[in-house]
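*Asks:* Here is how the chains run, residue by residue.
There are 2 protein chains.
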Amino acid sequence: MALALSWRGRGRTAPNPNVGCVIVRDGRVVSRGWTQPGGRPHAEAMALEGVDAKGTDIYTTLEPCVHQSARGPACVDLIVAAAPRRVVIAATDPDPRTDGRGIAQLRSAGIEVVEGLLADEAKRAMAGFFTRLEKGRPHVTLKLATSLDGQVALPDGSSQWITGPEARAHAHVERALADMVVVGRGTAESDSPTLNVRLDGLANRTPARAVLTGDYSNFSKLQLHADKPVWQHLAEPGAIADLENVDHLLVEGGAGAAAAFIAADCADRLILYRAPILIGAGLSALGDIGLAQLDDAHGHWRLIETRMLGKDRMEVYERA
Amino acid sequence: MALALSWRGRGRTAPNPNVGCVIVRDGRVVSRGWTQPGGRPHAEAMALEGVDAKGTDIYTTLEPCVHQSARGPACVDLIVAAAPRRVVIAATDPDPRTDGRGIAQLRSAGIEVVEGLLADEAKRAMAGFFTRLEKGRPHVTLKLATSLDGQVALPDGSSQWITGPEARAHAHVERALADMVVVGRGTAESDSPTLNVRLDGLANRTPARAVLTGDYSNFSKLQLHADKPVWQHLAEPGAIADLENVDHLLVEGGAGAAAAFIAADCADRLILYRAPILIGAGLSALGDIGLAQLDDAHGHWRLIETRMLGKDRMEVYERA
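Residue numbers (the UniProt record's numbering), protein chains in the order written: chain P, 1 to 320; chain E, 1 to 320.
The shape of chain P in the complex, shown without the other chains (with noise of 0.2 Å):
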């Protein structure tokens, strides 16, 4: 339930971890909590507020941190006032600051800590925390949608629609969990997406926006969206290193973005929507990755996930 209640904050609480954390008093929810929108509350303050936590079981996907901040106090020092009787977590939290201090305090406190429970779990849903923290940068999500043959479009770029409803509002929800999409400058100029979340009660949801221009300049079209500051240039792929609060970020093509994002090495996670079709000659879903052997390609992906969204196939894949 914690994990759930983490993915609501997904895209949301950068640079703060999505945190989900529930407390149980003799096998009853007694409250739950979540990382709000800009990263304050946490999801521990958020679920102690006006609750008799005592004697309680916590359930947390990250381990509570022990930094003060000017903008909420330590969780641990939360908890350990409240009194539970034991706190349940997922992942240790890396950052430097915390790093096990937590779990410390909590055990010094006479508190008993189960550490590691649905940890792989945690750390997916709260992935670009942990990349960032590892990498340095986002986590980025490749979105291809697919014929079976592999094709993107139709050789005179039409592409409306491959897919069928079902995983179209599937890649809204996966970009309702992102910081930031990014499209690369041929897909900005040819389609003008909106790249918005256009689904029911979602639509608060839409995330920043940028545009791949790699080596190109005089973007002149991308006067097209001068009344829309959001946009921004990222010059390569490693760009995203720089950018600020934005820890899931979504690159939802063309060809040539995707491949600049995988020459990179800057791709952790792929989603492949496959509708059952083929296409033969049109455009493919990846340019130039710089392969030079076939051995190479092997090792870097596989499987989590895959399941049929109408007609078509979803799958997800996650570095190996």
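These aren't lab readings, by the way, just hints derived from the structure by calculation. A portion of the hints provided could be inaccurate.
Only pairs whose alpha carbons sit at most 30 Å apart, straight line, appear in this in silico BS3-like list of lysine-lysine [unchecked claim]:
1. E:Lys143 with P:Lys311
2. E:Lys135 with P:Lys311
3. P:Lys123 with P:Lys143
4. P:Lys123 with E:Lys311
5. P:Lys135 with P:Lys123
6. E:Lys123 with E:Lys143
7. E:Lys54 with P:Lys135
8. P:Lys54 with P:Lys123
9. E:Lys123 with E:Lys54
10. P:Lys311 with E:Lys123
11. P:Lys311 with P:Lys143
12. E:Lys311 with E:Lys54
13. E:Lys123 with E:Lys135
14. E:Lys311 with P:Lys311
15. E:Lys135 with P:Lys143
16. P:Lys143 with E:Lys54
Chain P is already provided as a structure; the job is to place chain E on it using the hints.
*Replies:* Showing chain E alone in chain P's frame:
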């Protein structure tokens, strides 16, 4: 069980159907049979040979034939003489020489007949027989082994290996289940594929081989195979209708041959082996199929099976 037995004959019984048959007395299997290579004996004749079948239940994947042949008796006559209690039939025989008359004769003889049990699975197992009767040509499977982005080779043509040993072994089983395998001229020239079955115990199941020559002339490299008179030339996909004793055809590429079969509406089944790799700029799986607009691509295919083969994912699509 009868269905499983029918698969034993697949690719070796044309133009006869690959039928499976099981005889059961008091819940115990007393005999089994399947259509033998070349088409005779029939499955029922094999199962009944030397067995007292009086009062038994006979399960067969296809309605027993009623027509006499110089090569053997009509199965209906054999069954009536054996006097079983009941005959359970998966699919009725669309051959105009039988077409329900087998069932009628059994019932006239006082034998209970159940029809339609697992009929779709039986038609899938004997797809070549049914396609030949319905469309006047063999059943065609198109095999594609690709990366996640739909590429079948690097720009220089190298494709060893995209898929792993499990998927490649499975592709050899597919060969063993075909009466004939076809490649395009380019593949025959550049790869000189042996197209044989390299699986222990199945080496004698290598199918006949053909090259799709299309508009080409002077197919000089085919002299490579001058010592192999089994290689045939097909001027176009439609020429498969004239092939003798070929009810199951496997098309193994390349992109041009695959596209020719799709464009000619001569493909009934797709088998995709997809490795968890990205290739980027390379050779696409499918050439020009003459698709004018995306709407025309939809509604032709549906997924009927998917599973892992080692690290690769297999998908089977049939006509929707």
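*Asks:* Tell me if the straight-line CA distance from Lys311 (chain E) to Lys311 (chain P) falls inside 30 Å.
*Replies:* Holds, because 24 Å separates the two Cα atoms, which is no more than 30 Å.
*Asks:* For the pair supplied as a hint, Lys311 (chain P) and Lys123 (chain E), is the alpha-carbon distance within the 30 Å limit?
*Replies:* With Cα atoms ~24 Å apart, Lys311 (chain P) and Lys123 (chain E) stay inside 30 Å; holds.
*Asks:* Are the Cα atoms of Lys311 (chain P) and Lys143 (chain P) separated by 30 Å or less?
*Replies:* 18 Å, holds
*Asks:* Within 30 Å, alpha carbon to alpha carbon, are Lys123 (chain E) and Lys135 (chain E)?
*Replies:* Holds - the C-alpha atoms of Lys135 (chain E) and Lys123 (chain E) are around 14 Å apart, at most 30 Å.
*Asks:* Are Lys143 (chain E) and Lys311 (chain P) close enough, with their CA atoms no more than 30 Å apart?
*Replies:* 21 Å, holds
*Asks:* If you draw a straight line from the CA of Lys123 (chain P) to the CA of Lys311 (chain E), is it 30 Å or shorter?
*Replies:* 24 Å, holds
*Asks:* With the threshold set at 30 Å, check whether the alpha-carbon distance from Lys135 (chain E) to Lys143 (chain P) stays at or below it.
*Replies:* 40 Å, violated
*Asks:* Lys311 (chain E) and Lys54 (chain E): Cα distance at most 30 Å?
*Replies:* 51 Å, violated
*Asks:* Is Lys54 (chain E) within 30 Å of Lys135 (chain P), Cα to Cα?
*Replies:* This hinted pair is violated, its Cα atoms lying about 76 Å apart.
*Asks:* Between the alpha carbons of Lys135 (chain E) and Lys311 (chain P), is the straight-line distance 30 Å or under?
*Replies:* Roughly 27 Å separates the two Cα atoms, so the pair holds.
*Asks:* Straight-line Cα separation of Lys54 (chain P) and Lys123 (chain P) no greater than 30 Å?
*Replies:* At roughly 28 Å apart (the allowed maximum being 30 Å), Lys123 (chain P) and Lys54 (chain P) satisfy the hint.
*Asks:* Run the distance test for Lys123 (chain E) versus Lys54 (chain E): straight-line Cα separation, threshold 30 Å.
*Replies:* 28 Å, holds
Of the numbered hints given earlier, the model fails hints 7, 12, 15, 16; all others are met.
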